[in-house]
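Visitor: Residue numbers (my numbering), protein chains in the order written: chain A, 1 to 464; chain B, 1 to 464.
Careful, some of the hints might be misleading.
As the list makes no split between identical chains, a pair holds if one copy fits it or if it spans any two.
To be verified - Heads up, simulated DSSO-like pairs for lysine-lysine below, C-alpha to C-alpha not over 27 Å straight-line:
(1) Lys239 to Lys203
(2) Lys401 to Lys439
(3) Lys192 to Lys94
(4) Lys71 to Lys284
(5) Lys439 to Lys203
(6) Lys183 to Lys401
(7) Lys183 to Lys203
(8) Lys401 to Lys203
(9) Lys192 to Lys119
(10) Lys119 to Lys94
(11) Lys94 to Lys439
(12) Lys94 to Lys239
(13) Lys439 to Lys284
(14) Lys71 to Lys119
(15) Lys183 to Lys119
(16) Lys94 to Lys401
(17) Lys119 to Lys439
It is worth saying that the hints were derived from the structure and are not from the lab.
This one's a predicted model, so the numbers in the text were calculated from it and none came from an experiment.
For reference, the chains in residue letters:
Number of protein chains: 2
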Amino acid sequence: MIDPRVASGLRDIPPSAMIPRERMLEALRSTFSSFGFVPIETPHIERLEVLTGKGAGSDEVLRQIFEVTNKGGTPGELALRFDLTVPLARFVAKHVDQLGTPFKRYAIGSVFRGERPAKGRFREFTQCDFDTVGTESPVSDAETAQLIHDALAAIDVPAFSIHLNNRKILDGLLDSFGVIDRKAAVLRALDKLGKVGRDGVLKELTSHPRAVEPGGVPEGPTMPEADAARLLDLVEQGKGPGDAVLSMAESRLGPHETAREGIANLRTVLDLLDAAGVPQDRLKLDLGLARGLDYYTGIVFETTVDGWERFGSISSGGRYDDLASLYIKRRLPGVGASIGLDRLLALMEEAGRLPSSATTAPVLVAYFPGVSPTTPVRIAARLRASGIGAEVYPEPISVGKQMGYGSTRGHAVAVIVGPDEEQAEVFNLRVLATRQEDKGLALSTLEDSVQSALGLLGSRPSAD
Amino acid sequence: MIDPRVASGLRDIPPSAMIPRERMLEALRSTFSSFGFVPIETPHIERLEVLTGKGAGSDEVLRQIFEVTNKGGTPGELALRFDLTVPLARFVAKHVDQLGTPFKRYAIGSVFRGERPAKGRFREFTQCDFDTVGTESPVSDAETAQLIHDALAAIDVPAFSIHLNNRKILDGLLDSFGVIDRKAAVLRALDKLGKVGRDGVLKELTSHPRAVEPGGVPEGPTMPEADAARLLDLVEQGKGPGDAVLSMAESRLGPHETAREGIANLRTVLDLLDAAGVPQDRLKLDLGLARGLDYYTGIVFETTVDGWERFGSISSGGRYDDLASLYIKRRLPGVGASIGLDRLLALMEEAGRLPSSATTAPVLVAYFPGVSPTTPVRIAARLRASGIGAEVYPEPISVGKQMGYGSTRGHAVAVIVGPDEEQAEVFNLRVLATRQEDKGLALSTLEDSVQSALGLLGSRPSAD
């Protein structure tokens with residue numbers, strides 16, 4: 001006998017988790033589509049050269065690559081994708097002449113990382129990405145945040161906050177301080193603000209950098225205390241509703257060109273989001289938000305669910321200068337974001353916002369011995385034809401067992417036919433949760449009776 | 001620069017192919033759900049032991065396995081799944097106690113085979129499977145054929161034929177001839193009927209078997225000519241509408257128990273399919289249909305599109321005796337089928353039945369320089385709120401270029417706003433295909449005007 005376990009770090013997704021997941025995915029696809037984003041699919045397997053291409057992934061990610069070899073193939077040539085961004089860049093580089101720009105695509109699929117298995121961390125997980133490539137328009141920046149909002153609203157995520165910043169503001173400030181070569185270290189230090197507090201960050205920003213390895217280049221920031229304090233002031237006060245934060249930033253940052261561009265961009269984006277009907281209280285400026293030290297060059301986004309911030313960001317992204325520079329010379333700026341479906345589902349489950357049903361059809365059709373199976377089959381076909389999902393229990397076992405199956409699966413109602421009912425062309429309609437049963441309903445009223453029972457129960461007529 | 005090509009035998013799926021594909025998948029998921037089939041997902045990566053488990057796959061398939069190794073992992077432990085059946089068996093074995101039976105699942109996902117690349121053959125392709133596990137009821141046999149019918153009808157497949165047989169009929173006949181150890185060879189010979197004709201098959205069935213390798217056991221059938229002729233008569237005449245074929249088979253097969261069980265099963269299934277409203281002319285009995293020499297033990301299905309038989313079967317399946325015997329002792333009979341999405345899409349494309357659109361939103365909103373971008377963003381948000389997909393062109397470039405973008409993408413209509421229109425709170429509505437434009441429509445009529453223009457064009461208001 002073979003052990004039917006899955007490999008370490010992988011998992012099966014059972015129906016109870018897949019049903020809400022499919023509903024979410026359907027709502028996401030529908031929302032992406034309503035903005036004119038189009039789906040693409042790229043292979044799960046890419047050439048290793050594409051995945052490890054200079055700058056394409058962090059060292060951490062590259063260490064986690066799954067290599068793929070078929071019999072007779074050459075090892076070291078192929079691997080599983082670790083995100084959907086590298087495949088997007090390759091896809092656009094290859095097809096941009098036919099696609100034209102702006103090119104707005106979404107992609108939903110599995111990605112693979114050989115991370116050390118841990119609770120809630122899997123080696124295969126789903127990413128949902130959308131990007132607008134080939135334009136620098138702030139209309140696309142705003143649309144990205146709008147789509148994050150509309151998508152999360154469409155999948156019933158409770159109150160959430162979209163945190164916005166523009167990398168140019170921090171960049172401009174650091175430029176004005178003369179911090180050029182150590183921006184990354186400064187931003188890393190800022191990231192610890194929540195953990196070590198203002199004094200801790202101040203100390204790190206101003207202390208002499210230490211060499212990370214013998215003979216290595218010294219790492220870490222070192223800034224005059226006054227600059228570090230200005231930076232921390234901006235970051236600490238740079239949180240909250242748009243206008244106040246942007247005016248504060250404007251007055252503190254003065255005439256620095258790059259920083260002013262960042263501020264102007266955020267003003268335009270907030271105006272556009274207002275026009276788009278995104279509630280202002282969903283939007284939080286956060287001038288300390290950096291996200292991805294090198295990749296992003298303009299607006300950046302992170303999204304947290306209010307009261308569930310410990311789950312981290314459930315949708316993040318931003319603007320980048322050039323998507324496909326590893327493959328082609330044509331410069332392709334873009335903006336996009338990713339929705340963390342697995343994290344979101346874990347959060348929704350913990351928040352008790354997922355339905356616990358494990359059935360996709362709300363009606364169970366049960367029949368007794370002595371009834372021709374054509375009768376339940378005909379009943380179920382009629383229900384489906386009127387848009388009501390219906391499952392026939394395939395064997396005329398005891399009605400108690402059939403009802404037990406329905407209760408376990410989560411069917412809302414059962415249509416039950418015994419020999420007497422079949423003869424009299426009637427049926428019994430039972431609400432599974434309450435065991436309340438209406439007997440002897442005329443078969444001619446089937447669709448209406450079931451529809452109204454489901455309506456009273458607040459059940460969706462069909463899973464999709 | 002890195003070459004942005006995909007690896008040999010793999011492919012990118014561009015929006016023009018993905019949009020109809022997503023529509024099909026949505027219709028399939030919805031149809032599966034309406035019968036109470038529930039979705040599951042298993043990892044793309046399985047333990048090699050599971051994939052190569054005795055009898056789990058043919059030698060041919062096992063030679064095509066892609067092995068997977070992560071850095072620090074042990075080679076030879078993991079591989080990519082080559083179908084969705086082996087993962088189903090493993091999944092059911094592992095979870096059957098929690099799932100209960102009957103368990104009706106569907107699964108849609110990529111599978112991987114290192115086949116020699118050829119036109120139309122890819123190393124990664126999509127399978128759409130559905131199975132009912134844990135019951136021997138003919139209600140489930142019929143439901144499988146009904147679902148093939150309803151699913152193909154839901155995705156606008158033109159006239160098609162579901163070919164049905166029950167393996168017990170051929171098995172019974174061969175048993176009655178005393179052909180026990182060479183059934184597989186007989187069935188392989190029968191498969192060639194279309195190619196080599198009756199005489200060719202007769203010759204193969206009756207000629208002396210030749211040794212396949214020196215010292216090896218002789219392979220190939222050898223039957224008395226009279227038996228071979230009876231077999232060929234049954235197979236050649238055993239095609240067509242149900243009742244006639246089954247009566248013919250009954251009279252020819254006589255009292256053989258197994259064969260009679262097969263005939264009775266098909267009678268019941270045809271009755272149930274009639275009750276389910278499946279048109280009789282979609283169903284073709286074919287007593288020569290064997291499918292999968294060892295795996296199937298009862299009813300079997302194949303489906304061809306009328307006039308497109310050269311594409312082969314687009315949906316196949318059947319009943320099996322025991323799904324998970326490699327992993328657990330509990331016997332789990334089942335029945336299921338697979339829909340060949342890639343083949344179906346290739347056929348539909350060649351048949352000219354796929355829409356050529358490459359957009360998911362029917363409306364393009366264009367604006368001139370001098371118009372605030374909040375205006376098109378507000379217009380698009382209003383359209384979406386009333387269920388009409390709308391894409392804002394992100395930059396106010398020349399209107400000719402914006403219309404060119406819309407025509408290429410396949411938007412049905414454009415809402416156009418210049419500074420005068422913005423001022424007067426009106427808009428122009430242009431049908432892209434005809435360039436006909438209604439000017440100066442009141443912004444208050446936006447949703448109604450656009451809806452009615454789309455209605456006249458026969459456009460779907462939204463892609464989903």
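Visitor: Give a verdict on every hint.
Guide: Quick rundown of the hints versus the structure:
Taking CA atoms no more than 27 Å apart as the test, Lys239 paired with Lys203 passes inside one copy only; the shortest distance there is 22 Å, against 86 Å between copies. In this assembly of identical chains, Lys401 and Lys439 lie within 27 Å of each other by CA distance solely inside one copy; the values are 19 Å within and 66 Å between copies. Taking the shortest Cα distances, Lys192 and Lys94 never come within 27 Å of each other, neither inside one copy (40 Å) nor across copies (43 Å). Proximity of Lys71 and Lys284 under a CA criterion of 27 Å is satisfied in neither setting, with 53 Å inside one chain copy and 41 Å between copies.
Neither within a single protomer nor between protomers do Lys439 and Lys203 lie at most 27 Å apart by alpha-carbon distance, with minima of 77 Å and 65 Å respectively. Taking the closest pair of Cα atoms, Lys183 and Lys401 never come within 27 Å of each other, the shortest separation being 67 Å inside a single copy and 41 Å across copies. In this assembly of identical chains, Lys183 and Lys203 lie within 27 Å of each other by CA distance solely inside one copy; the values are 16 Å within and 82 Å between copies. In this homomeric assembly, Lys401 and Lys203 never come within 27 Å of each other (Cα to Cα): the closest approach is 69 Å inside a single copy and 55 Å across copies.
Taking the closest pair of Cα atoms, Lys192 and Lys119 come within 27 Å of each other only inside a single copy of the chain (24 Å); across copies the shortest separation is 54 Å, beyond that limit. For the homomeric pair Lys119 and Lys94, the shortest alpha-carbon distance between copies (20 Å) is at most 27 Å, but the shortest distance inside one copy (38 Å) is not. Proximity of Lys94 to Lys439 under the C-alpha cut-off of 27 Å is found in neither arrangement, the shortest distances being 65 Å within a copy and 40 Å between copies. For the identical chains of this complex, Lys94 and Lys239 are neighbours neither inside a copy (41 Å) nor across copies (49 Å), given an alpha-carbon limit of 27 Å.
Proximity of Lys439 and Lys284 under a CA criterion of 27 Å is satisfied in neither setting, with 57 Å inside one chain copy and 40 Å between copies. When the C-alpha separation of Lys71 and Lys119 is checked against a cutoff of 27 Å, the pair qualifies only between copies, where the shortest distance is 21 Å, while the shortest distance within a copy is 34 Å. In this assembly of identical chains, Lys183 and Lys119 lie within 27 Å of each other by CA distance neither inside one copy nor across copies; the values are 34 Å within and 51 Å between. In this homomeric assembly, Lys94 and Lys401 come within 27 Å of each other (Cα to Cα) only across copies, at 23 Å, whereas the closest approach inside a single copy is 58 Å.
Taking the shortest alpha-carbon separations for Lys119 and Lys439, neither the intra-copy value of 49 Å nor the inter-copy value of 60 Å comes in at or below 27 Å.
When the structure is compared with the earlier hints, violations turn up for hints 3, 4, 5, 6, 8, 11, 12, 13, 15, 17 and for no others.
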